[in-house]
Amino acid sequence: MDKMPRWADVVLIPLISILLAAVLSALVILAIGENPIAALKLMVQGSLGSTYGWGYTLYYATSFMFTGLAVAVAYHARMFNIGGEGQAMVGGLGVALVLLFIPFPHWTLALVVAIAAAALFGAAWAAIPAYLQAARGSHVVITTIMFNFIAAAFLNYMLVNTLRPQGAMDPATERFSPNVHLPTLHEMLVPFGINFSKAAPANFSLVVAIIACVLVWVLIWRTKLGYEIRAYGHSESGALYAGISPFKIIMIAMLISGALAGCMAINNVMGEAERLVLNATENAGFIGIAVALMGRNHPFGVFLAAILFGFLYQGGAELALWTSIPRELITVIQALVILFTGALDNMVRMPLEKLFLAMRRRGA
Amino acid sequence: MDFLTLIQVLDSTIRLTTPLLLACLAGLYSERAGIFDIGLEGKMLAAAFFSAAVAYVSGSVWLGLGAGIVSSVVLSGLHGLASITFRGNQLISGLAVTMLAQGFTVLVAQDWFSQGGRTPSLSGGARFTGITLPFADTLAPVPFIGPIYAELISGHSILVYLAFALVPLTWWVLFRTRFGLRLRAVGENPAAVDTAGVSVTGLRFSAVIICGVLCGIAGAYLSTALQAGFVKEMTAGRGYIALAALIFAKWRPWHALWACLLFGLLQAIALRYQSINLGGIVIPVQVMDALPYILTVVILAGFVGKAIPPRAGGEPYVKER
Amino acid sequence: MTDPAIELKGISKSFGPVQANKDISIRVMPGTIHGIIGENGAGKSTLMSILYGFYKADSGEIWIDGSETQIPDSQAAIAAGIGMVFQHFKLVENFTVLENVILGAEDSGLLKPSLTRARKALLDLAQEYGLNVDPDARIDEIGVGMQQRVEILKALYREAQILILDEPTGVLTPAEADQLFRILHRLREEGKTIILITHKLREIMEATDQVSVMRRGEMVATRTTSQTNPEELAELMVGRKVLLRVDKVPAQPGAKILEIKGLRVRDDKGVERVKGIDLNVRAGEILGIAGVAGNGQSELMEVLGGMRAGSGEVLLNGQPLELIGANGRAIRDKGIAHVPEDRQREGLIMDFHAWENVAFGYHHDEKYSRGLLMDNAALRADTEAKIEKFGIRPPNGWLSAKNFSGGNQQKIVVAREIERNPDLLLVGQPTRGVDIGAIEFIHKQIVALRDAGKAVLLVSVELEEIFSLSDRIAVMFDGHIMGERLPDRTDEKELGLLMAGVAGEAA
Numbered sequence: 000m001d002k003m004p005r006w007a008d009v010v011l012i013p014l015i016s017i018l019l020a021a022v023l024s025a026l027v028i029l030a031i032g033e034n035p036i037a038a039l040k041l042m043v044q045g046s047l048g049s050t051y052g053w054g055y056t057l058y059y060a061t062s063f064m065f066t067g068l069a070v071a072v073a074y075h076a077r078m079f080n081i082g083g084e085g086q087a088m089v090g091g092l093g094v095a096l097v098l099l100f101i102p103f104p105h106w107t108l109a110l111v112v113a114i115a116a117a118a119l120f121g122a123a124w125a126a127i128p129a130y131l132q133a134a135r136g137s138h139v140v141i142t143t144i145m146f147n148f149i150a151a152a153f154l155n156y157m158l159v160n161t162l163r164p165q166g167a168m169d170p171a172t173e174r175f176s177p178n179v180h181l182p183t184l185h186e187m188l189v190p191f192g193i194n195f196s197k198a199a200p201a202n203f204s205l206v207v208a209i210i211a212c213v214l215v216w217v218l219i220w221r222t223k224l225g226y227e228i229r230a231y232g233h234s235e236s237g238a239l240y241a242g243i244s245p246f247k248i249i250m251i252a253m254l255i256s257g258a259l260a261g262c263m264a265i266n267n268v269m270g271e272a273e274r275l276v277l278n279a280t281e282n283a284g285f286i287g288i289a290v291a292l293m294g295r296n297h298p299f300g301v302f303l304a305a306i307l308f309g310f311l312y313q314g315g316a317e318l319a320l321w322t323s324i325p326r327e328l329i330t331v332i333q334a335l336v337i338l339f340t341g342a343l344d345n346m347v348r349m350p351l352e353k354l355f356l357a358m359r360r361r362g363a
Numbered sequence: 000m001d002f003l004t005l006i007q008v009l010d011s012t013i014r015l016t017t018p019l020l021l022a023c024l025a026g027l028y029s030e031r032a033g034i035f036d037i038g039l040e041g042k043m044l045a046a047a048f049f050s051a052a053v054a055y056v057s058g059s060v061w062l063g064l065g066a067g068i069v070s071s072v073v074l075s076g077l078h079g080l081a082s083i084t085f086r087g088n089q090l091i092s093g094l095a096v097t098m099l100a101q102g103f104t105v106l107v108a109q110d111w112f113s114q115g116g117r118t119p120s121l122s123g124g125a126r127f128t129g130i131t132l133p134f135a136d137t138l139a140p141v142p143f144i145g146p147i148y149a150e151l152i153s154g155h156s157i158l159v160y161l162a163f164a165l166v167p168l169t170w171w172v173l174f175r176t177r178f179g180l181r182l183r184a185v186g187e188n189p190a191a192v193d194t195a196g197v198s199v200t201g202l203r204f205s206a207v208i209i210c211g212v213l214c215g216i217a218g219a220y221l222s223t224a225l226q227a228g229f230v231k232e233m234t235a236g237r238g239y240i241a242l243a244a245l246i247f248a249k250w251r252p253w254h255a256l257w258a259c260l261l262f263g264l265l266q267a268i269a270l271r272y273q274s275i276n277l278g279g280i281v282i283p284v285q286v287m288d289a290l291p292y293i294l295t296v297v298i299l300a301g302f303v304g305k306a307i308p309p310r311a312g313g314e315p316y317v318k319e320r
Numbered sequence: 000m001t002d003p004a005i006e007l008k009g010i011s012k013s014f015g016p017v018q019a020n021k022d023i024s025i026r027v028m029p030g031t032i033h034g035i036i037g038e039n040g041a042g043k044s045t046l047m048s049i050l051y052g053f054y055k056a057d058s059g060e061i062w063i064d065g066s067e068t069q070i071p072d073s074q075a076a077i078a079a080g081i082g083m084v085f086q087h088f089k090l091v092e093n094f095t096v097l098e099n100v101i102l103g104a105e106d107s108g109l110l111k112p113s114l115t116r117a118r119k120a121l122l123d124l125a126q127e128y129g130l131n132v133d134p135d136a137r138i139d140e141i142g143v144g145m146q147q148r149v150e151i152l153k154a155l156y157r158e159a160q161i162l163i164l165d166e167p168t169g170v171l172t173p174a175e176a177d178q179l180f181r182i183l184h185r186l187r188e189e190g191k192t193i194i195l196i197t198h199k200l201r202e203i204m205e206a207t208d209q210v211s212v213m214r215r216g217e218m219v220a221t222r223t224t225s226q227t228n229p230e231e232l233a234e235l236m237v238g239r240k241v242l243l244r245v246d247k248v249p250a251q252p253g254a255k256i257l258e259i260k261g262l263r264v265r266d267d268k269g270v271e272r273v274k275g276i277d278l279n280v281r282a283g284e285i286l287g288i289a290g291v292a293g294n295g296q297s298e299l300m301e302v303l304g305g306m307r308a309g310s311g312e313v314l315l316n317g318q319p320l321e322l323i324g325a326n327g328r329a330i331r332d333k334g335i336a337h338v339p340e341d342r343q344r345e346g347l348i349m350d351f352h353a354w355e356n357v358a359f360g361y362h363h364d365e366k367y368s369r370g371l372l373m374d375n376a377a378l379r380a381d382t383e384a385k386i387e388k389f390g391i392r393p394p395n396g397w398l399s400a401k402n403f404s405g406g407n408q409q410k411i412v413v414a415r416e417i418e419r420n421p422d423l424l425l426v427g428q429p430t431r432g433v434d435i436g437a438i439e440f441i442h443k444q445i446v447a448l449r450d451a452g453k454a455v456l457l458v459s460v461e462l463e464e465i466f467s468l469s470d471r472i473a474v475m476f477d478g479h480i481m482g483e484r485l486p487d488r489t490d491e492k493e494l495g496l497l498m499a500g501v502a503g504e505a506a
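Protein chains in written order, with numbering that gives the first Met the number 0: chain A, 0 to 363; chain B, 0 to 320; chain C, 0 to 506.
In case anyone wonders, no lab produced these hints; they're calculated from the structure.
Ideal Cβ placement from N, Cα and C applies to all residues, glycine included.
The reader is advised that the hints may include incorrect statements.
What the hints assert, rightly or not - Distance windows between CB atoms, simulated:
no., chain 1, residue 1, chain 2, residue 2, range
1, C, 384, A, 101, 52 to 58 Å
2, B, 8, A, 350, 38 to 44 Å
3, C, 269, B, 280, 39 to 45 Å
4, C, 388, A, 43, 55 to 61 Å
5, A, 43, C, 21, 53 to 59 Å
6, C, 181, B, 318, 31 to 37 Å
7, A, 105, C, 388, 56 to 62 Å
8, B, 167, C, 268, 32 to 38 Å
9, C, 324, B, 271, 48 to 54 Å
Claimed, not checked - 30 Å max Cα-Cα, derived DSSO-like pairs, lysine-lysine:
no., chain 1, residue 1, chain 2, residue 2
10, C, 366, A, 247
11, C, 333, C, 274
12, C, 21, A, 353
13, C, 401, B, 318
14, C, 443, C, 492
15, A, 247, C, 333
16, A, 247, C, 268
17, A, 223, C, 366
18, C, 388, A, 247
19, C, 366, C, 199
20, A, 40, B, 231
As the list claims (entries may be wrong) - Chain A is faced by these chain C residues, among others (derived, beta-carbon under 7 Å):
no., residue
21, 200
22, 345
23, 350
24, 359
25, 362
26, 372
Start from the sequences and build out the full structure, keeping to the hints where you can.
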């Protein structure tokens, strides 16, 4: 028998983990002389208390959905894609190139092409680590870390030496044409008579991200490919037995993963900045790891966890604005979530399993 | 490039190699014992902050070094708790440790010093200063040998000499002592160690703690010797370059030295020149930045001799028959 | 009367909900070889691991030489004079023999003195017991027989008085096994006490003075070996009279289904494990391949199942198979089904629901899919039918594979593969770790497939299984087919010689 009911594994453990992270963070806030309750109120007020706050929360959440899904897909094939950051950077380059050099008549067409470019560039950046893992057994975690740094250097070179407009000081591209401006939530909701904040950056990419969540769910749990990915992830020897090619699964899973991470660029590059700037990804690739772990690598879990982290990011920004607590508090919380849901999973799990076993014995 | 410039570049290479080498050897102890550590960066960062902070407050760089080591060892303990005691995923734990340090250092720096996540700059006894080796001044005027001895070899801080001395010491410990034999064994086949009546947990924890101590020294060197004070994210990926060097060195001490010197040289060149003109081909500085990582990928791909990590690396030890 | 070298009193041990040892008591007299026999999963290894401090008992006492001894860890066991040779060796592969021997038993902080002393000690032990090993050879460069010697030397170097060997002959050829038993007899003459764990009756009868029988975690009997016989021990092991022969009508072989010509296969390390073999299997017959584990049978099955690449020629119904490896799907489409040797690592995904496992390997079939999508409803309906037909218990397709017993897991695999109605069925170790009831059922299914005119290639290390199922027997040794026999014209002795590499007809 399973040691625990499924709901405990799926819901209870992540909840306890986030609670532990929250308690520790509260202690940190106390230690630096602020009031944790007031801080939480401020965070909720700042991120969920207005459409402006929601607009930022959802903007961040959109990025995290893409990077979280990227980690989750690779994880189902038992690979830890730590390279979402680099893949998202290069995806941004893809988006910038097509939007700069193709004159699009309308944003819808531009979006379709931008998604294709983002996915293609992101997947391409994942392709080499994927191939080295599949063909030569080079550990994908180490190679994707290396590729994050290579991506950073590459983008730096492209922005400083190639794409920077003549005379500009910023290492950034030109602004994209207004034709390719993605509708913001404000513009999307006006026809429905909802007055959403104009200033907030949440945009049409949110819809794309939600569609991506659904598609990933279908992929993993409903398609033959998803069946093969999960089978390989559980047992490589089993996959080989069943005629599933490990090479194929590693490549496909990593390419999909890279494509999803790359697609984040339609949110931050196309939707928000409307040009490519240095460090556009702002660590969203790494936050994707926390999101996927928290969401138990299930697309719906990723969706919820992305919104949670969107809340944390926007709330953290508000905290930094109004209190002496710097934004880095969020990095700490994020680290704690990764620690508890990922590395210290057994610390939370083992006592719970004992508890459930004892309860069952008493019941039996 | 004239002789003096060369000496300067090499001198800078030695300074930049030192933190890489310390972190690389730190990783070597941990990974040889079967505990992968992608959290070298975080431990260095924490140590860099706490040593600068304590050195500033106390005025003593030695107290600072101690604080740096303690902070790094605490993070090591956390990594050990996750990956040894609770048999968690070592890669995830390493990542979490780094993020924790990235957030925590700025948080505390802001709380203590309110200077936007940095410490005030250090001076006097709060910094490690260069040691002039015997006869350096006397020999300096001698052509060729003089500058090499006086500029290149002499005049570094004690931590530089320590880092380089640690290479033969690590080799000796690993291959000539009981502890080293057991350490290597536990990274290859922990069950062999366990059934031989030696504690796997104890060995792995001691390796992880040594890793913490060395990362602590590396971090302290960054903020109290190489630079004068802590700034946000000051490790700037050095932990990952050290990891790259460790793979490049295939987990061997002497090779680690050569790998770190190579990567240190690349950093020194990148620091000094914006681009390099090699007979008409201009190499942009970004290539220098990326080269350690590219080289490591090439090594990992097995095109230049395959890098095989310790066999039990990354796997938590679970007893089975 | 002398005290027993080892006395265990009331040892119990549970792993979660599974009780591996129930109130076990046993006395082992000094200077004897004491066998412990039982089926896979009877709890033998667990008991010995407790004695060696590898696991901690939930309750019970350990007495050594007449005094109660606490053995919380292996260190304590070594100090109490106990040495253990595990079934899976505990050696550091890239260390030398010498380094492995001193590991954990070094004299001082520096290695040099220990290495010098150990080198001399190994020479002495080699002379005393005939345990010759090159002290400077690396473990990954010597064979399994040598590696086992290193394990024994490790124990003797620590001055063990009591030596436990867990299934020591599983990886040995009969000749190597005989050599091992000679060494064990020498050790006994020197006054050492030896506990031999095995599931092979022959070894018990040949090598031991006393034998204790375990069944389902309990100690059911202890006998003096000379006063018992294999039939009694077998009955004690399984708890009732064993029906060793399957009722079956004589085979009516038809056309050649499988033809193997000059097949060669290498393992993951690049070592050639199948060295140019020729075999045929006809429709309506079961060809059994006998042999000691590790003589190339696994690699043979893997190549035919599309899991591994090989060279040579393999024809199925006269059509050549591509031996490129990782092409299990194409192999299945040609009409081969495969019950793999290791159902937990290969045949099933343990974390998948039973209904997901029912299509494992066949998930591309039109029956189970619609375009790119899986047809989960069809899978579940099919699972219900198989649960009914094959009597899989508990009858719940939503359970994960890991929550079924070994026998029911194997039924899921066998149901999946046999229901394909393949031209050729590959069956590896079909009843390993399977309870008696399920063994009979699975054997009957295999015979029924044969009777339906299909070809079956069976690999088993259990000679009894080979005898009871096969219509023809081929013996494999060191990657070669040593000879073919008909089951009613040969006996275990002859097959044993072939399995040991002693040549056929002429011998």
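Structure-based check of all given hints:
1. C:384 to A:101: 52 to 58 Å: holds, 56 Å
2. B:8 to A:350: 38 to 44 Å: Because 57 Å falls outside the window, the suggested range is violated.
3. C:269 to B:280: 39 to 45 Å: holds, 42 Å
4. C:388 to A:43: 55 to 61 Å: The hinted range 55 to 61 Å holds for residue 388 of chain C and residue 43 of chain A, with Cβ atoms some 58 Å apart.
5. A:43 to C:21: 53 to 59 Å: Holds - the Cβ-Cβ distance for residue 43 of chain A and residue 21 of chain C, about 56 Å, lies within 53 to 59 Å.
6. C:181 to B:318: 31 to 37 Å: holds, 32 Å
7. A:105 to C:388: 56 to 62 Å: Holds - the Cβ-Cβ distance for residue 105 of chain A and residue 388 of chain C, about 60 Å, lies within 56 to 62 Å.
8. B:167 to C:268: 32 to 38 Å: holds, 35 Å
9. C:324 to B:271: 48 to 54 Å: 52 Å Cβ-Cβ, so the 48 to 54 Å window holds.
10. C:366 to A:247: Roughly 24 Å between the alpha carbons, so the hint for residue 366 of chain C and residue 247 of chain A holds.
11. C:333 to C:274: Holds: residue 333 of chain C and residue 274 of chain C sit about 25 Å apart, inside 30 Å.
12. C:21 to A:353: holds, 22 Å
13. C:401 to B:318: With Cα atoms ~19 Å apart, residue 401 of chain C and residue 318 of chain B stay inside 30 Å; holds.
14. C:443 to C:492: holds, 26 Å
15. A:247 to C:333: holds, 22 Å
16. A:247 to C:268: holds, 22 Å
17. A:223 to C:366: holds, 13 Å
18. C:388 to A:247: violated, 36 Å
19. C:366 to C:199: Since the Cα atoms of residue 366 of chain C and residue 199 of chain C sit roughly 44 Å apart, the hinted pair is violated (cutoff 30 Å).
20. A:40 to B:231: Roughly 28 Å between the alpha carbons, so the hint for residue 40 of chain A and residue 231 of chain B holds.
21. 200: violated, 31 Å
22. 345: It holds, given that the least Cβ distance between residue 345 of chain C and chain A is near 4 Å, below 7 Å.
23. 350: Constraint on residue 350 of chain C satisfied, holds at 5 Å.
24. 359: holds, 5 Å
25. 362: Holds - the Cβ of residue 362 of chain C comes within 7 Å of chain A, reaching about 5 Å at its closest.
26. 372: holds, 5 Å
Of the numbered hints given earlier, the model fails hints 2, 18, 19 and 21; all others are met.
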